[in-house]
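All chains, please: the whole structure from these sequences, using the hints.
There are 2 protein chains.
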Amino acid sequence: MNKSNELQVLRHSAAHLLAHAVLELFPDTQLTIGPATETGFFYDCLPTRNFKEEDLPIIEKRMHEISQRNLALSHKQISKDQARALYKNNTFKLELIDGLEGETAGISEQGTFYDLCRGGHVASTGDIKYFKLTTISGSYWRADRNGTALQRISGIAFLTQEDMDAYLQHQEDLIKYDHRRLGKQLDLFSFHEEGVGFPFFHPKGKCVLNIMATYMRSMLKKADYQEIETPIMLSDELWRCSGHYDFYKKNMYFSEIDDKNYAVKPMNCPGSILLFKERPRSYRELPMRLNEFGRVHRHELSGVLHGLFRVRTFTIDDTHIYCTYDQIEQEILTNIKIFRTVQKTFGFDDVKIDLATRPEKSMGSDELWGKAINGLKNALDKAGIPYTVQEGDGAFYGPKLDFKIKDSMGREWTCGTIQIDFLMPENFDLHYVAPGGELKRPAIIHQAIYGSLERFFGVLLEHYKGILPFWLAPVQILILTITDDQKVYAQELMEELKLSGMRVEMDHTSDTISGKIKSAQLQKVPWMLVIGKKEVENNTVTLRFFDGSQKPGITKNDVISLATTLIPSY
Amino acid sequence: MNKSNELQVLRHSAAHLLAHAVLELFPDTQLTIGPATETGFFYDCLPTRNFKEEDLPIIEKRMHEISQRNLALSHKQISKDQARALYKNNTFKLELIDGLEGETAGISEQGTFYDLCRGGHVASTGDIKYFKLTTISGSYWRADRNGTALQRISGIAFLTQEDMDAYLQHQEDLIKYDHRRLGKQLDLFSFHEEGVGFPFFHPKGKCVLNIMATYMRSMLKKADYQEIETPIMLSDELWRCSGHYDFYKKNMYFSEIDDKNYAVKPMNCPGSILLFKERPRSYRELPMRLNEFGRVHRHELSGVLHGLFRVRTFTIDDTHIYCTYDQIEQEILTNIKIFRTVQKTFGFDDVKIDLATRPEKSMGSDELWGKAINGLKNALDKAGIPYTVQEGDGAFYGPKLDFKIKDSMGREWTCGTIQIDFLMPENFDLHYVAPGGELKRPAIIHQAIYGSLERFFGVLLEHYKGILPFWLAPVQILILTITDDQKVYAQELMEELKLSGMRVEMDHTSDTISGKIKSAQLQKVPWMLVIGKKEVENNTVTLRFFDGSQKPGITKNDVISLATTLIPSY
Numbered sequence: 068m069n070k071s072n073e074l075q076v077l078r079h080s081a082a083h084l085l086a087h088a089v090l091e092l093f094p095d096t097q098l099t100i101g102p103a104t105e106t107g108f109f110y111d112c113l114p115t116r117n118f119k120e121e122d123l124p125i126i127e128k129r130m131h132e133i134s135q136r137n138l139a140l141s142h143k144q145i146s147k148d149q150a151r152a153l154y155k156n157n158t159f160k161l162e163l164i165d166g167l168e169g170e171t172a173g174i175s176e177q178g179t180f181y182d183l184c185r186g187g188h189v190a191s192t193g194d195i196k197y198f199k200l201t202t203i204s205g206s207y208w209r210a211d212r213n214g215t216a217l218q219r220i221s222g223i224a225f226l227t228q229e230d231m232d233a234y235l236q237h238q239e240d241l242i243k244y245d246h247r248r249l250g251k252q253l254d255l256f257s258f259h260e261e262g263v264g265f266p267f268f269h270p271k272g273k274c275v276l277n278i279m280a281t282y283m284r285s286m287l288k289k290a291d292y293q294e295i296e297t298p299i300m301l302s303d304e305l306w307r308c309s310g311h312y313d314f315y316k317k318n319m320y321f322s323e324i325d326d327k328n329y330a331v332k333p334m335n336c337p338g339s340i341l342l343f344k345e346r347p348r349s350y351r352e353l354p355m356r357l358n359e360f361g362r363v364h365r366h367e368l369s370g371v372l373h374g375l376f377r378v379r380t381f382t383i384d385d386t387h388i389y390c391t392y393d394q395i396e397q398e399i400l401t402n403i404k405i406f407r408t409v410q411k412t413f414g415f416d417d418v419k420i421d422l423a424t425r426p427e428k429s430m431g432s433d434e435l436w437g438k439a440i441n442g443l444k445n446a447l448d449k450a451g452i453p454y455t456v457q458e459g460d461g462a463f464y465g466p467k468l469d470f471k472i473k474d475s476m477g478r479e480w481t482c483g484t485i486q487i488d489f490l491m492p493e494n495f496d497l498h499y500v501a502p503g504g505e506l507k508r509p510a511i512i513h514q515a516i517y518g519s520l521e522r523f524f525g526v527l528l529e530h531y532k533g534i535l536p537f538w539l540a541p542v543q544i545l546i547l548t549i550t551d552d553q554k555v556y557a558q559e560l561m562e563e564l565k566l567s568g569m570r571v572e573m574d575h576t577s578d579t580i581s582g583k584i585k586s587a588q589l590q591k592v593p594w595m596l597v598i599g600k601k602e603v604e605n606n607t608v609t610l611r612f613f614d615g616s617q618k619p620g621i622t623k624n625d626v627i628s629l630a631t632t633l634i635p636s637y
Numbered sequence: 068m069n070k071s072n073e074l075q076v077l078r079h080s081a082a083h084l085l086a087h088a089v090l091e092l093f094p095d096t097q098l099t100i101g102p103a104t105e106t107g108f109f110y111d112c113l114p115t116r117n118f119k120e121e122d123l124p125i126i127e128k129r130m131h132e133i134s135q136r137n138l139a140l141s142h143k144q145i146s147k148d149q150a151r152a153l154y155k156n157n158t159f160k161l162e163l164i165d166g167l168e169g170e171t172a173g174i175s176e177q178g179t180f181y182d183l184c185r186g187g188h189v190a191s192t193g194d195i196k197y198f199k200l201t202t203i204s205g206s207y208w209r210a211d212r213n214g215t216a217l218q219r220i221s222g223i224a225f226l227t228q229e230d231m232d233a234y235l236q237h238q239e240d241l242i243k244y245d246h247r248r249l250g251k252q253l254d255l256f257s258f259h260e261e262g263v264g265f266p267f268f269h270p271k272g273k274c275v276l277n278i279m280a281t282y283m284r285s286m287l288k289k290a291d292y293q294e295i296e297t298p299i300m301l302s303d304e305l306w307r308c309s310g311h312y313d314f315y316k317k318n319m320y321f322s323e324i325d326d327k328n329y330a331v332k333p334m335n336c337p338g339s340i341l342l343f344k345e346r347p348r349s350y351r352e353l354p355m356r357l358n359e360f361g362r363v364h365r366h367e368l369s370g371v372l373h374g375l376f377r378v379r380t381f382t383i384d385d386t387h388i389y390c391t392y393d394q395i396e397q398e399i400l401t402n403i404k405i406f407r408t409v410q411k412t413f414g415f416d417d418v419k420i421d422l423a424t425r426p427e428k429s430m431g432s433d434e435l436w437g438k439a440i441n442g443l444k445n446a447l448d449k450a451g452i453p454y455t456v457q458e459g460d461g462a463f464y465g466p467k468l469d470f471k472i473k474d475s476m477g478r479e480w481t482c483g484t485i486q487i488d489f490l491m492p493e494n495f496d497l498h499y500v501a502p503g504g505e506l507k508r509p510a511i512i513h514q515a516i517y518g519s520l521e522r523f524f525g526v527l528l529e530h531y532k533g534i535l536p537f538w539l540a541p542v543q544i545l546i547l548t549i550t551d552d553q554k555v556y557a558q559e560l561m562e563e564l565k566l567s568g569m570r571v572e573m574d575h576t577s578d579t580i581s582g583k584i585k586s587a588q589l590q591k592v593p594w595m596l597v598i599g600k601k602e603v604e605n606n607t608v609t610l611r612f613f614d615g616s617q618k619p620g621i622t623k624n625d626v627i628s629l630a631t632t633l634i635p636s637y
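As given, the protein sequences belong to chains A and B, one line each in that order.
Note that the working numbering has the first sequence beginning at 68, numbered continuously upward.
Note that the working numbering has the second sequence beginning at 68, numbered continuously upward.
Please keep in mind that the hints were generated in silico from the structure rather than gathered at the bench.
Just to be clear, a hint being listed does not mean it is correct.
Heads up, the list lumps identical chains together, so a pair's fine if it works in one copy or across two of them.
[What the hints assert, rightly or not] In silico DSS-like cross-links for lysine-lysine, where the CA-CA straight-line distance does not exceed 27 Å:
1) Lys-271 x Lys-438
2) Lys-316 x Lys-327
3) Lys-600 x Lys-585
4) Lys-473 x Lys-70
5) Lys-404 x Lys-271
6) Lys-288 x Lys-449
7) Lys-585 x Lys-119
8) Lys-623 x Lys-288
9) Lys-251 x Lys-404
These numbers were taken from a predicted model, which means no experiment stands behind them.
Spelled out as structure tokens, the structure:
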């Protein structure tokens with residue numbers, strides 16, 4: 068049995084253990100169903116009085132007692148009528164028995180407790196050791212809001228104490244390093260009721276966004292991308308032509324200008340396309356890679372808004388590549404290389420690529436789809452990057468690649484997409500003048516590496532648990548003097564380091580050095596330069612890293628050259 | 068008589084000359100009025116048949132003939148009745164005579180021609196030599212759209228041929244170097260009917276905007292400004308609180324979100340203020356200089372839109388400084404220094420500063436106004452910069468400084484404002500915690516150096532007549548090979564120069580070298596690197612400047628170091 072099956076069996080058995088404990092403590096409770104979940108188990112019950120948070124430790128304690136009794140578990144098939152007799156006072160179980168296929172029902176037993184069940188258990192209650200009850204919540208019989216209201220007791224269960232500790236630590240980390248919490252704690256951004264879902268970036272947050280944009284701008288420029296800027300609002304005729312009006316209207320904001328209906332742009336493509344169409348284009352101009360840091364607005368229900376992960380406005384590093392079908396492969400190859408470089412630079416080494424192919428309902432000829440998908444596959448093969456084909460998962464207007472990065476807490480994020488588009492060139496009747504003088508239709512490749520800069524920033528914050536790497540940290544160096552005697556020396560050093568392009572601040576408080584260090588830690592500044600009498604005498608500093616390790620007797624030039632090694636070249 | 072009066076007299080006399088010529092050629096024409104203008108004169112007439120463009124040279128020729136007749140001009144007063152008799156068939160002149168004060172009317176005479184007139188003429192028609200008819204247009208009697216439709220013949224007149232030539236050259240330059248024309252010619256930006264008044268920036272235009280933003284960002288960072296980002300749309304409650312809703316509503320765009328009215332921001336202040344108010348602020352945090360490259364939208368009538376000078380959306384380098392009243396002077400001093408450095412860097416050496424003081428209707432105590440105006444004056448004096456006091460010209464909520472730069476074509480532009488604001492801190496109930504723990508009201512200084520980046524870009528284009536200086540040019544260097552044999556050498560050189568951070572392109576056409584040079588001139592690229600057989604052999608280039616001067620035998624390193632001297636440090 069593999070670990071996943073083993074866990075499944077354990078967690079299902081833990082649900083029985085929970086039910087057993089509940090019935091011993093509250094005998095008149097009616098049991099309904101109690102399955103295993105991804106991290107544990109739950110049982111939905113109809114109690115005679117509502118369970119409260121305070122009941123959880125009592126029930127958990129009884130579960131441990133039953134576990135210690137080490138009762139053997141057995142499982143048998145009985146006739147449905149026998150089963151109905153056992154549950155004559157429980158309409159839920161009677162309904163379940165009626166729903167069973169065949170003539171028998173499975174019953175699991177441990178001591179005096181029995182439960183209707185398909186089977187698959189541990190040998191003895193003693194095998195269920197590492198568990199914890201977590202929540203009481205409301206539920207409905209058969210998940211039907213019009214059905215009987217029930218109460219759900221949920222818990223977690225693991226094979227070892229280590230596994231459970233790791234899980235609990237992970238849960239704690241998820242709360243502790245929630246980017247919304249870090250955003251407040253590190254003074255990075257805020258939300259205000261005057262603009263629901265619209266982030267306000269504080270100086271330190273904007274600093275990180277600027278570094279991200281500068282870095283991306285430089286990466287794209289090296290690959291001969293050209294940056295453009297298109298308006299935030301455009302008339303709805305354009306959105307009708309692009310098709311967004313019909314399919315995306317309820318996520319768009321509108322305004323009226325000179326009796327015409329304008330939309331606040333939810334996408335950057337139509338603006339880019341207008342610019343491409345501004346004059347006739349020659350094949351010599353292709354591939355034309357137009358990039359925009361395009362601010363879009365998309366309506367989301369207020370209930371699903373979630374920090375920087377789900378907002379109502381964000382900036383996309385949005386590229387539209389206008390090219391011939393024969394150029395797709397080379398463009399994708401270049402794209403993939405940029406994607407991988409960017410992702411590695413931000414510390415994402417674990418990346419998966421999904422290739423989504425032609426769905427049943429789609430537009431465009433077999434030839435176009437063939438060329439596009441082959442272009443994608445060949446590029447991936449040439450780049451030597453493994454990928455998973457998601458058959459039929461492409462958009463109806465073209466195939467795409469999705470880049471999925473895994474963060475330090477094991478979560479997967481889709482950051483970055485390359486989408487080939489057959490539709491927009493048709494809708495906007497795009498063409499270029501081919502070598503022979505005839506007009507031909509170009510392909511459009513949509514490409515976004517960060518995707519939403521705001522969301523990527525949020526992912527980075529959680530990935531790094533708020534301790535941004537040196538090159539991204541809004542304050543890279545904090546200078547701490549032991550006494551005020553070192554202030555002049557410190558001030559001069561700060562100015563010199565600033566001239567070298569570093570983001571340096573100084574702690575001007577009259578705190579003790581340990582107080583200053585503690586405050587720097589709270590701000591998650593990567594480097595502290597501690598300066599006391601000795602350092603001034605020797606014209607050095609003590610470099611203290613975030614993890615507490617120290618390098619004494621470092622010169623200013625050492626600081627600069629060490630810092631330089633931490634900044635990726637771009 | 069000073070030159071301005073002399074010109075006035077000349078131009079008024081030229082109007083008589085025009086009328087004289089018209090009556091000789093078209094005797095039944097009814098004359099109405101014919102004043103001098105800023106650059107010449109016009110006469111409004113009611114002809115028996117409509118004048119056409121083709122009539123202008125004929126009339127102008129006759130004017131020259133009458134000038135050559137050298138007729139003496141005389142002026143006399145006659146009784147109104149005598150005047151009415153002279154004009155018995157001209158209802159317009161009769162109306163004018165009725166409107167004259169006193170009992171007499173002035174009559175000017177030259178040969179057989181006479182005209183109703185207050186006087187002030189040259190001695191003889193021979194004195195009117197340097198003139199030109201320019202346009203025929205429609206006009207109305209007494210400028211009343213319901214009045215009689217007339218025809219206006221306009222012209223220019225100068226004291227010397229040189230003055231007229233200079234004026235005509237200037238007019239030609241204004242057309243030739245109109246930024247709208249340069250924008251198209253140099254592929255910098257475009258406008259599209261899908262977004263009236265909303266500019267689309269092409270790669271080369273966006274490149275210049277990015278340099279402008281990077282430069283400003285760096286200048287402000289050095290002075291400890293902090294960059295923030297606030298939303299494009301904010302709920303109208305905020306705009307009611309700021310007062311914009313009441314006073315600026317018809318220039319604002321609105322949209323609805325979750326049944327709430329949102330405005331697309333016309334100003335950046337309220338967003339900045341929300342961020343300031345996000346948590347309690349200590350006096351230790353002041354002055355707090357929050358800068359934003361804030362994109363605003365302001366409705367303008369379509370008729371007044373004018374390239375990048377008057378648009379419906381633009382980005383302001385918008386700073387709000389939150390400070391105590393005692394800090395105003397120091398802040399203004401720093402501000403002024405940054406303004407002057409920026410303006411000089413962009414080639415504007417001729418700058419005027421206006422200080423606008425308290426208007427009759429205003430808010431805020433005498434003490435506040437006194438402190439603020441003294442702060443401004445002291446700062447200007449300390450900076451040693453002359454200024455003009457515009458008494459009572461300030462906003463009702465505070466005094467301000469306007470920076471007026473003069474461009475290469477002699478026009479004055481208000482680029483940059485420093486505005487002290489007593490109102491917003493009241494409206495938003497702002498405060499900071501003073502050293503003693505009590506809450507105090509800060510001042511806000513609004514500061515924008517470029518003002519609108521888009522407009523400043525337009526001004527730069529016209530100021531430099533499209534030939535942007537090396538550091539601002541979207542393409543700094545164009546590499547031209549004499550034959551294809553030099554392509555490999557040229558390509559390598561291009562890559563190396565790019566790595567040094569330069570914006571370099573190569574002419575890949577198979578044109579002759581003179582054709583390539585001509586095309587580079589049309590693109591107004593500051594430097595050409597011409598590469599022939601000799602250059603490859605010697606591992607050099609010939610550096611050709613936009614003005615046609617050349618430096619042969621230059622090494623790659625020479626190119627880089629010479630280029631470096633042209634880039635302002637920031």
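Right, here's what the structure says about each hint:
Proximity of Lys-271 and Lys-438 under a CA criterion of 27 Å is satisfied in neither setting, with 46 Å inside one chain copy and 33 Å between copies. For the homomeric pair Lys-316 and Lys-327, the shortest alpha-carbon distances inside one copy (16 Å) and between copies (18 Å) are both at most 27 Å. In this assembly of identical chains, Lys-600 and Lys-585 lie within 27 Å of each other by CA distance solely inside one copy; the values are 21 Å within and 66 Å between copies. Only within a single protomer do Lys-473 and Lys-70 lie at most 27 Å apart by alpha-carbon distance; the minimum there is 22 Å, versus 78 Å between protomers.
Proximity of Lys-404 and Lys-271 under a CA criterion of 27 Å is satisfied inter-copy only: 26 Å between copies versus 30 Å inside one chain copy. In this assembly of identical chains, the alpha carbons of Lys-288 and Lys-449 lie at most 27 Å apart only when taken from the same copy (23 Å versus 44 Å across copies). In the homo-oligomer, the alpha carbons of Lys-585 and Lys-119 never lie at most 27 Å apart, since the shortest distance is 40 Å inside one protomer and 85 Å across protomers. Proximity of Lys-623 and Lys-288 under a CA criterion of 27 Å is satisfied inter-copy only: 22 Å between copies versus 33 Å inside one chain copy.
Taking the shortest Cα distances, Lys-251 and Lys-404 never come within 27 Å of each other, neither inside one copy (35 Å) nor across copies (35 Å).
Violation of the numbered hints given earlier is confined to hints 1, 7, 9; the remaining hints are satisfied by the structure.
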